[in-house]
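Asker: Respectively, the protein sequence lines represent chains S and E. Numbering of the first sequence is given in our numbering, commencing with residue 1 and proceeding in unit increments. Numbering of the second sequence is given in our numbering, commencing with residue 158 and proceeding in unit increments.
What the hints contain is simulated information worked out from the structure, not anything from laboratory work. Take the hints with a grain of salt, since some may be wrong.
Here are some chain E residues the structure puts well away from chain S; computed CB gaps all over 12 Å [as the list claims (entries may be wrong)]: (1) Asp236; (2) Trp293; (3) Gly384; (4) Leu505; (5) Leu526; (6) Gly542; (7) Gly720; (8) Gly782.
Calculated lysine-lysine pairs in the DSBU-like style (CA-CA distance at most 30 Å, straight line) [stated by the list, open to error]: (9) Lys336/E x Lys241/E; (10) Lys83/S x Lys334/E; (11) Lys710/E x Lys721/E; (12) Lys83/S x Lys70/S; (13) Lys334/E x Lys304/E; (14) Lys304/E x Lys83/S; (15) Lys346/E x Lys629/E; (16) Lys83/S x Lys117/S; (17) Lys83/S x Lys241/E.
To be clear about the criterion: a stretch of chain S counts as covered by chain E if any three or more of its residues have a C-beta under 8 Å from a C-beta of chain E, and this derived list gives those stretches [said to hold, decoys possible]: (18) 48-61; (19) 95-102; (20) 115-128; (21) 134-144.
We treat Cβ as the ideally placed atom computed from N, Cα and C, and that holds for glycine.
The primary structure of each chain is shown beneath.
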Amino acid sequence: MPMALSINGQLHAVDAPADMPLLWALRDILGLTGTKYGCGVAQCGACTVSADGSPIRSCSVTLGDLADVKITTIEGLTGSTAKAVQDAWTALDVAQCGYCQSGQVMAATALLEATPKPTDDEIEAAMNGNLCRCATYVRIRAAIRAAAASLGAPHGA
Amino acid sequence: MAHEVELHRRGFIVLAGAGLILGWAPAARASAPEAAAFTQTFLRIDTDGTVTVLAKHLDMGQGVWSGLASIVAEELDADWSQMKVEGAPAAPEYKNLVLGAQVTGGSTSIANSWTQLRTAGATARAMLIAAAAQRWKVPASAIVIKKGVVRDASGHQAGFGELAAAAAALPVPTEVKLKDPKDFVFLGKGFQRLDTAAKARGTALFGIDVRLPGMKIAVLARPPRFGGKLKTFDAAETRQVAGVTEVVQTPQGVAVIADNSWAAIKGRTALKLSWDDADAELRSSAAILETYKALAGTRGGMISLQRGDADQAMARAHRIVEADYAFPYLAHAPMETPTAVCRVTDGLCEIWGGIQSQTANQKAAAAILGLPIEKVLIHTLLAGGSFGRRATLDSDWIVELAEIVKATKAAYPVKLLRTREDDITGGYYRPMAYHRLRAGLTSGGEISGLTQTLVTQSILYGYPFGAEAPPKSDPTATEGNLVDRYDVDDATLRWIPGQAHVPITLYRSVGNTHTTFAKEVFMDELARAAGRDPLAFRLAHLGSRRRQAAVLKLAAEKFGWGGKPAPGRAWGMAVQEAFNTHVAQMVEVSVAGGEFRVERVVCAVDCGFALNPDNVAAQMEGGVGFGLSAALHGEITLSGGIPDQTNFDTYPILRMSETPRGIETYILNSGAPPTGVGEPGATPIAAAVANALSAATGTAFHQLPLKFPAA
Ligand code: FES
Ligand code: FES
Numbered sequence: 001m002p003m004a005l006s007i008n009g010q011l012h013a014v015d016a017p018a019d020m021p022l023l024w025a026l027r028d029i030l031g032l033t034g035t036k037y038g039c040g041v042a043q044c045g046a047c048t049v050s051a052d053g054s055p056i057r058s059c060s061v062t063l064g065d066l067a068d069v070k071i072t073t074i075e076g077l078t079g080s081t082a083k084a085v086q087d088a089w090t091a092l093d094v095a096q097c098g099y100c101q102s103g104q105v106m107a108a109t110a111l112l113e114a115t116p117k118p119t120d121d122e123i124e125a126a127m128n129g130n131l132c133r134c135a136t137y138v139r140i141r142a143a144i145r146a147a148a149a150s151l152g153a154p155h156g157a
Numbered sequence: 158m159a160h161e162v163e164l165h166r167r168g169f170i171v172l173a174g175a176g177l178i179l180g181w182a183p184a185a186r187a188s189a190p191e192a193a194a195f196t197q198t199f200l201r202i203d204t205d206g207t208v209t210v211l212a213k214h215l216d217m218g219q220g221v222w223s224g225l226a227s228i229v230a231e232e233l234d235a236d237w238s239q240m241k242v243e244g245a246p247a248a249p250e251y252k253n254l255v256l257g258a259q260v261t262g263g264s265t266s267i268a269n270s271w272t273q274l275r276t277a278g279a280t281a282r283a284m285l286i287a288a289a290a291q292r293w294k295v296p297a298s299a300i301v302i303k304k305g306v307v308r309d310a311s312g313h314q315a316g317f318g319e320l321a322a323a324a325a326a327l328p329v330p331t332e333v334k335l336k337d338p339k340d341f342v343f344l345g346k347g348f349q350r351l352d353t354a355a356k357a358r359g360t361a362l363f364g365i366d367v368r369l370p371g372m373k374i375a376v377l378a379r380p381p382r383f384g385g386k387l388k389t390f391d392a393a394e395t396r397q398v399a400g401v402t403e404v405v406q407t408p409q410g411v412a413v414i415a416d417n418s419w420a421a422i423k424g425r426t427a428l429k430l431s432w433d434d435a436d437a438e439l440r441s442s443a444a445i446l447e448t449y450k451a452l453a454g455t456r457g458g459m460i461s462l463q464r465g466d467a468d469q470a471m472a473r474a475h476r477i478v479e480a481d482y483a484f485p486y487l488a489h490a491p492m493e494t495p496t497a498v499c500r501v502t503d504g505l506c507e508i509w510g511g512i513q514s515q516t517a518n519q520k521a522a523a524a525i526l527g528l529p530i531e532k533v534l535i536h537t538l539l540a541g542g543s544f545g546r547r548a549t550l551d552s553d554w555i556v557e558l559a560e561i562v563k564a565t566k567a568a569y570p571v572k573l574l575r576t577r578e579d580d581i582t583g584g585y586y587r588p589m590a591y592h593r594l595r596a597g598l599t600s601g602g603e604i605s606g607l608t609q610t611l612v613t614q615s616i617l618y619g620y621p622f623g624a625e626a627p628p629k630s631d632p633t634a635t636e637g638n639l640v641d642r643y644d645v646d647d648a649t650l651r652w653i654p655g656q657a658h659v660p661i662t663l664y665r666s667v668g669n670t671h672t673t674f675a676k677e678v679f680m681d682e683l684a685r686a687a688g689r690d691p692l693a694f695r696l697a698h699l700g701s702r703r704r705q706a707a708v709l710k711l712a713a714e715k716f717g718w719g720g721k722p723a724p725g726r727a728w729g730m731a732v733q734e735a736f737n738t739h740v741a742q743m744v745e746v747s748v749a750g751g752e753f754r755v756e757r758v759v760c761a762v763d764c765g766f767a768l769n770p771d772n773v774a775a776q777m778e779g780g781v782g783f784g785l786s787a788a789l790h791g792e793i794t795l796s797g798g799i800p801d802q803t804n805f806d807t808y809p810i811l812r813m814s815e816t817p818r819g820i821e822t823y824i825l826n827s828g829a830p831p832t833g834v835g836e837p838g839a840t841p842i843a844a845a846v847a848n849a850l851s852a853a854t855g856t857a858f859h860q861l862p863l864k865f866p867a868a
């Protein structure tokens, strides 16, 4: 029986078994391939999406667990925090291969929404589960600081 | 279908006719390439002014697509905002001029494209100018191009798009003048990568993201041991899994094919399999290492390099220093597992993926599918990392895919998904290596006689390519060794090919991954034995290698090497020349409570002319992280021939918390032509950290990953 999933502000009827991880429903059934497969076992963060505003690993939550949960993927990421993060990511040329970066952007946006002025230690704590094999960590840190600064700046500044 | 409409709205495109659903690629096009007004081997110009560079090399994160485009933009005097890139098809004109086939590796991309793309850009520029001169009836000399705008003194003005068709009708000049580098207006000043915004928005397209109408997802059950073969399989339970559509045997194993990835993965778990291990590698990695260690004490193998008489020089020496160094197998673990899609329609095969060896992959697929080579089209997309994994000499991941397509009679397009477990347990590792170094020191603290014995599998000639006794020296095994990199009059390098049925391949910076560590840690051990400062000791043996000496000096100056580390801190250094690029790294580590952390890295690099200094810095930062990952964690071990590590929980890679908060890059512009930066930055860091830890603890570190505190 199709399940109703709320993804990026829209209800989707998804015909898939309840034990299917959200990741594969997003990528294979809904065609939302911005969310990436990296490990499948909650070890890398490439599959990070937002569930009711909190970052979760979509590879490790099943469709059956998602009734009444509002999912946002990188494709549906909107708002001033997300924009500040993506602008900072672009300005600093953070990405190398880029494959982990959807997850990094999702995690960084969630961090700044919860903690607008994170310290370096808070950045590390929030981002440490998001692996980047290209090791773009130096720029991820810098981009989060830049995004926080731009959000904190008075309008028009 | 609702979601496809939505995808379209979000910037995905549908290629008319092909029925292909693709996300953003740097030059994703809604029109067929033939529609371009101006088309040459390496670039196209559309009527809207878009300049699309056809990149013969793979961008796996190193930024080379932007780098290649920047070379064209400079000679063409284009505006950066009009530049796009897409992967070139597999064809002879796109071969790597250094490596002789279409392949990306050895940090050769920019170097071998430099003159080629400058000429392509200058040729197109000359033709645009000629077209404008004809149209405006003015001499070509009266026309200037600046940031994509063509002008003359009398007020005529046009964009590239308006002139493209007229330019295309003109004869192609056989000789064009390239700019004097001092007149460059764009290169060397820094620019943004072309793919960066798409990667921040999740719209960049990787091979694993490709979806075709009717496409199925396959996963492959492979032998658990290298060299093992399928004996029997029972797929009855697999066929019960909802979504599984077909199960086929291929030469590599059993492929489970399904409507989606999850069904394929579940179906594979339900397979009952038995394997024939008669030809399989059954040894543990520890046992293999023991055989390497024993070999290191023999005079087997071959002399790869020799100067003077090392034994005699050592006999004259004041004292002898000796050390062994051991290195494990390493998995590349690119974040996007090598995953590709194949479709055959009407005798035409198409393959989509982050393809690194177009020529070899194309040939391999053609042979399996029984097609002429030109009937295999390769669509090279962005790759989510590679580090060498996609460049296997036997095209393993494309072969596996083509065999599945063959076994299913090409009835539908197939994506062969490689799970992380498949990736980490699947071999094609950086080979294990064992080094024995022995050197004499004079009473004045100079090296007098040096031997280096190196035991490691041959990447070019060894397993899985059959030759038990390689015909000749293999640079992928020995490059970057001490005999070759320092001035020592009497020195011998012996290479003894290691034997193991473990498939191995190229890995970011290749032989340098282990030779740099052995060389640079041993140099510190010699310096300590000689009672000399490690910088002075190195410089004393780098007299003929001015570029290496220069980056060391620059790093020392920026780092403040002459001073003293604060309490609880220690310093170390290492230098290497890799792929004609010279890199020195100096590190500060903090040591407390049996743990250490790398706090600061200063990196000095001479890569000739730096096209985009910020990308050089990015590659040094990434290289430091990649090398540090191997230094802290990297290790594949085998028990009874089976890899012990399966995913990031057992094969950890560097995290943000382990990354130095400061990585500074200083570029020394030697004026030489550009050389690569994708690999060299990864080489010195492990040795620099080991040397710092030795300075802190007084013990030497003789293996990777670093065991700290040393036992
Ligand atoms: S794919 Fe989900 S955490 Fe790695
Ligand atoms: S940018 Fe390549 S894995 Fe993060």
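Asker: State the violated hints by number, sorted upward, taking the hints as numbered earlier in the document.
Answerer: Hints 6, 8, 10, 15 and 18 are the ones this structure does not satisfy, whereas the remaining hints hold.
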